[in-house]
Amino acid sequence: ETGVTQTPRHLVMGMTNKKSLKCEQHLGHNAMYWYKQSAKKPLELMFVYSLEERVENNSVPSRFSPECPNSSHLFLHLHTLQPEDSALYLCASSPGTTNTGELFFGEGSRLTVL
Amino acid sequence: AQSVTQLGSHVSVSEGALVLLRCNYSSSVPPYLFWYVQYPNQGLQLLLKYTSAATLVKGINGFEAEFKKSETSFHLTKPSAHMSDAAEYFCAVSQTTSGTYKYIFGTGTRLKVLA
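Chains as they are written, first to last, in my numbering: chain A, 1 to 114; chain H, 1 to 115.
Be careful, since some hints might not be right.
Unchecked claim - Mimicking PhoX-like on lysine-lysine, the simulated pairs with C-alpha atoms at most 25 Å apart in a straight line are:
no.: 1; chain 1: H; residue 1: Lys-102; chain 2: A; residue 2: Lys-22
no.: 2; chain 1: A; residue 1: Lys-41; chain 2: H; residue 2: Lys-102
no.: 3; chain 1: A; residue 1: Lys-41; chain 2: H; residue 2: Lys-112
Quick caveat, the hints were computed from the structure, so don't treat them as lab data.
The structure presented is a predicted model; accordingly, all values stated were derived computationally and were not measured.
Hey, can you work out the whole structure from these sequences and the hints?
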């Protein structure tokens, strides 16, 4: 299995829908991240979890709700999104948030909000 | 606060020519620096990283980067471009805040390789 797996790869939703993005890592890492990648913008860090505890919430609107039930799984629950939320959402993991190990990324979930 | 600047959002080179992608950082402490590559419809993949060991870092696919503290630069090079190198490249720096490392990414440079 690949190191970090994201599902679904593509998602189209209306502004009133509720959907979730899923991320699973098979690397035994302790930290997991959500990033947003929009065209012509730097990667935006959204959330960081270390050992299932949220350690970073980068001023993300409440319509994005993360969940980390264990160190291998990370979810991003989506509710009443706006068209400007359309982007590629990348999940990543690292050995921990207190070392300089690199991030391992999934292939991303391409979200389109109509 | 640390930051990363990538000069040139688009770079075109001929196949077989030298690839040079520029990255400058700002940091008040010795940084940890990374280069990632992103192919279409994929996530980011680590090319190489600098963690205060050798200043010349060799990575995958023939890429290397040199850490120059005096210039606050970490430019990525490859002697001879291949068509398969066409992708987007991101420079990143990690910083610690209260013991937690965060990764700051540049805006990316899209490399085009001409036949």
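For this structure, which hints from the list above don't hold up?
none
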